[in-house]
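Take a look at the letters that make up each chain.
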Amino acid sequence: MNLKLKALTKSLWVFHAACSPCNNCDIEILDVLTPRYDVERFGIVLVGSIRHADVLLVTGVPNYKTKERLKKIYSQAPQPCLVVAVGGCACGRVMFKDSYNSPCAVDEIVPVSAYIPGCPPKPEAIIAGVVKLIKKVRG
Amino acid sequence: MSHKVVIPIGPYHPLQEEPEFFRLYVEGEKVVDINMVIGYMHRGIEKLSESKHFDQVAFLVERICGICSTSHPFAYVNAVEDLARIEVPGRALYIRTIIAELERLHSHLLWLGLAGHFIGYNTVWMWAWRYREPVLDMFEMITGNRQHYAMMKIGGVRRDIEEQHIPALKKTLDELVRAVDMFKGAVMDDPVIHARLKGIGILSRQQAIDWAVVGPTARASGVNIDVRKDDPYGAYDKIDWSVIVEREGDIFAKTKVRILEMYESISIIRQCIDKMPGGQIDANVKDIPPGEGIGRVEAPRGECYHYVRSDGTNRPIRHKVRAPSYMNVASNKVAAVGGTISDATITLAAVDPCYCCTERVTVIDKSTDHKILNGWDLIKLSQEKTENLKKSLKV
Amino acid sequence: MSIKEQVRETLAGRIIDWYEHAPRRIYISIKPQDLKGAVSSLFKDLGLRFVTASGQDTTKGMEILYHFSFDKTGEIFSLRVLMEDKKKPEIDSIAPLFVGAEWIEREMWELLGINFIGHPNLKRLLLAEDWPEGKYPLRQEQ
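Quick note, the sequences are listed as chains Y, H and F, same order.
Just so we're aligned: the first sequence equals residues 1 to 139 in our numbering.
Just so we're aligned: the second sequence equals residues 1 to 395 in our numbering.
Just so we're aligned: the third sequence equals residues 1 to 142 in our numbering.
One or more hints might be untrue.
Think about it this way: if two alpha-carbon atoms lie no more than 25 Å apart in a straight line, the pair counts; the simulated DSS-like pairs of lysine-lysine are [unchecked claim]: (1) Lys171(H) - Lys122(Y); (2) Lys10(Y) - Lys132(Y); (3) Lys229(H) - Lys72(F).
These are computed hints drawn from the structure, not numbers from a lab.
All chains, full assembly: derive it from the sequences and hints.
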């Protein structure tokens, strides 16, 4: 068991990278922070820089412009860094897989630790996904 | 002087949505030029649409934008119905109108919250999003999903609004009126908000016309355009409502237009519930003939425009989509230049570009040519200004 | 005089074809060389609002529709121009007339490969900087 990872699950600091999504997953992620769901109770906070983050949250299907960005963001993340793919696009590109501007899926660019499918996943589903991830990391 | 342009890889801003990249060129405090780079969202939807069946395209265009997720399919079905000259049953028109107005409510609340956040009122953000939740519950009750409602279908709607939904819908609207009253009071009577939003980010009437802006951005500059009135679709011509127009063109006017529009939306939904006829909700369309059609819808951000062309097969051969922000975001160039950096965040956010993407702003000081601030700092700067104003106004 | 009559009178000799699909949807074909003048009179003299332009790769050539809206009564006038040279389509830019057309022309330039003569700032808008030259995603052969 990676001790660093275990320590990290106490309060996850999340950095949110939107790779050409349709905004919906992003809104639901913000929704998780607002009064009804309020995950800040559990120490989960969105941070402004990847250098402060434990978790990289990716939404959308990367295009040629955001693909390079995502790679760089991940390379700047302090390790160990977990990656969570939120939404159908980030999990498997769904209806955009034949697009001329969609070179690859998220998990071909960065190693993904958890997939949260849905279009968009409900806030409850996002929270459930995070709980599963924490449980897995703690072993 | 040539400027060395520094593109930050991050920091992404936590509130970020549509990635757009703004480069601000500043001299001291003053913004002297602004350069926008877009295309981080480009997924080739227009081309994908040519490979999908007419019915499937409605689902595809829904995924253009999550906040306007009914405006795009609505404009698309309007275009196809114009192309094929389809008569839509009355009940379906009313249901479409109700869904579109609920969407406007949730979108304006969302914007209000973010605008609050950008000027340092995080409480407004939390409250606005709290009151947005019941609207999403209504969507879930009627359509089965909180976002991406998939209600629009060529020739009608996919689901009916049932009798048992109506009491809950009415109750939510009643509660929402009280919430909007609260926001109206909070914004209109607060001296700090007046000091912060009045007279900045001005888009004059002539500029609004030249940049061809639409929606609340245009209406706040005294341009009286609203597709719902000008080229009625859905049930808007059977309902009594008015277009909100302000003259000033500053951010306060834009905020005011959006808040007052929420009252109109609530009133439209109430009238729709009362006037909604019974009967079919779907015209059972079979074939789409060759031809071309144009459909437009007043999305929360302005006119959403779809052009569809068919050659008689079951797929469109051309589908052009023009989202409202396409015109509005470009106008930031005039609205933000000449202002100060601390006002830049709220100015860029004021057109409601499906969220302001301040994380992509780099500030470049022209004298030293170095990147000095990132998006996070900009919001802090904006929030500090509000704090200082509060102190000087002693509130 | 209704707006339709005004448009017909203003464009007079330049109209090749006038087609009313619906009372509020009017398609007007004109020659590419008349475009700039026609757009100028619609936008500046008649006060129509520029909505957008849509380019298309058809069997006859590259076609652009310039959509204008008259908001008082809700009509949409679409000016249709056809460039028969598919290899190297060119047309006058309307961006110098009003800034609102700048982005859409850049978009058509990169997605369809239509050259806009006199555009102030013709560079990539949507695609990545390293997108291969000469590859236009919205053309039919792609």
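Here is how each hint holds up against the structure:
{"no.": "1", "hint": "Lys171(H) - Lys122(Y)", "result": "holds (24 Å)"}
{"no.": "2", "hint": "Lys10(Y) - Lys132(Y)", "result": "holds (14 Å)"}
{"no.": "3", "hint": "Lys229(H) - Lys72(F)", "result": "holds (9 Å)"}
No hint from the list above goes unmet by this structure.
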